[in-house]
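Single-letter residue listing:
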Amino acid sequence: MINLFKGTFLRSVTEIKRYFLNWMSSMISMFIIYFLIIFGFKTFGGPSMGNTVQAAALGYFTWLLMLTTMGDLSWTIMNEINRGMIEQEFLSPYGPLAVFIFYELSNLLMTFPILFFMMIVMFSFAGISITLPVSFYIIMLLAMLQSMGMGFILGGITLMYKRTNALLQLMQFAVIGFLFISAHGWKAIFVPIAPHFALMKDILAGKSLDGVYFMYTILGTILWLLIGFTVFRFFERKVRISGNLSLY
Amino acid sequence: MLKVENLKKTYKSKKRVVEAVKNISFTTNAGEVFALLGPNGAGKSTTIKSILGLVVPDEGEIYINEINARKDRKKALFMMSAVLEGNRNIHWRLSVKENFLYFGALKGLGGKRLKERMLEVSELLGIEDKLNTIAGNLSRGYQQRLAIAIAILPDTPLILLDEPTLGLDVESAIEIRKIIKHLAEQGKTVLLSTHDMNLVEAVSDRVLIISDGKVVTFGTTKELKEMFKAKSYKIVFEKKPSVEIIDKLSEMVILEEKGNGDFSISVNFSTSSHTLYDIFEVLKEEKPQIKSIESEDPNFEEIFLRIIRGDKND
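Taken in order, these protein sequences are the chains called B and D. Quick note on the working numbering: the first sequence kicks off at 1 and runs consecutively. Quick note on the working numbering: the second sequence kicks off at 1 and runs consecutively.
Please keep in mind that the hints were generated in silico from the structure rather than gathered at the bench. Glycine included, C-beta positions come from ideal geometry on N, C-alpha and C. Misleading hints may appear alongside valid ones.
According to the in silico footprint, chain D covers these stretches of chain B (three or more CB under 8 Å from chain D) [as the list claims (entries may be wrong)]:
1. 14 to 24
2. 72 to 85
3. 159 to 171
4. 214 to 224
Calculated lysine to aspartate or glutamate pairs in the EDC-like style (CA-CA distance at most 16 Å, straight line) [said to hold, decoys possible]:
5. Lys22(D) to Glu85(D)
6. Lys22(D) to Glu238(D)
7. Lys74(D) to Glu236(B)
8. Lys234(D) to Asp262(D)
9. Lys287(D) to Asp212(D)
10. Lys238(B) to Asp58(D)
11. Lys97(D) to Asp72(D)
12. Lys74(D) to Glu15(B)
13. Lys71(D) to Glu116(D)
14. Lys8(D) to Glu85(D)
15. Lys97(D) to Glu15(B)
16. Lys178(D) to Asp212(D)
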């Protein structure tokens, strides 16, 4: 298993290193959109928009975080089916789920520092203090893990139905909706991302961390990861029964 | 080594139902090159993918060294590796070395052992000087060598090769033949699926011919050749017989006129209802001078075609 992780990590590092400019250009375009939004708020919103600017900055960053982690697996699978490499990954004795979990974790390890750097720049521009408590970063990591779980649901669908470009594009906007769901108490376990966003917003507003709600957020993260893995396993078997793994 | 028992697979979709594999059984031995032959759509790839677990069969069992591959896929996958049809075995954007490290890791290899194996197999496949080349920049022949190198990297006792010479030039195809032979000499079992009859004839110990999802025949290449031996004859004449004779013969056998003035008739008694005596009966009328009568040994390609057409049963 350690060797499997080393291999997938090496692949992830090599791909990001080799195609860094490509990756960065998409990030820069996201940056530009962000600056335009915040600039718009600051210019036309007036001084009373203070908290709204912060919420918009955090919302945009959380959205970016989700996009980076949630869609990644599906695009990877689509590319690998297209190139024809997917079957070799299914021939790993550890199974495709383990291969892709390690690959996604490797990508997360690689992108986390970059996203962290982007967050500092973005938050500075929006006037948010960058000296945030550790709990903020833990929640940020939990949000990424939960998005990864949702990514496995989409990845499983992609394994089965292949060309899910339209679904992925739709999901980019659908996830914005999650940010605005108000999930109180134990219901937070079942609603993706909203509790993470609510907690991060509270921390930015200087409120103390709600321990119980934080627990629900952790449980919700685990739940969505498990749902993601289960759905992926379901489609993995279904695609082997239908025999259309390598068809694109 | 590998035992396939009563394998069945039907693909069902809303539009149609296809019985890809109807009831296939066979056993291979260690150190053997076992060829799986059949026309397109015969069920070769489904059989290979079922063994690998890429397709879940409806019925049947698959054992690799006594391990039930359907029940314990993980253990079975540690014992086999494959090169699948086409360019679907390598990561085009990684270098040759990175491909080794990634696919080796997928099989659980790492550290010193992986590096040692990488050097061994890259040398064996003649790609040791390409380690830093991006796989996508290699020629088709070298890409296939890399795919085979990756498959033999984990040193599994069973290696499945699906169309390993497809799209390769003659030189590369010959190299692949040598490698397959070498693998068998090392005690590996190679299950080969191909349309390349030269490859089958050159490397296979035994051949299983399937058509329409069923086993048509099975045996060594020698046995299959024997099956058709002396069933074909070629009668060469000093000069062309009369038109009347030719007309009569053409209704019975295949006629062939050569550029050097010779005229010959080919008689394949496995496909013809006539006997050599019938032919002589016609020839007796004119008694044309016979230069030679040769028994023709068909090549493996012809044998394959005859078997697929069902000639064997005649």
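Please list, smallest to largest, the hint numbers that this structure does not respect. 3, 4, 5, 6, 9, 11, 12, 13, 14 and 16
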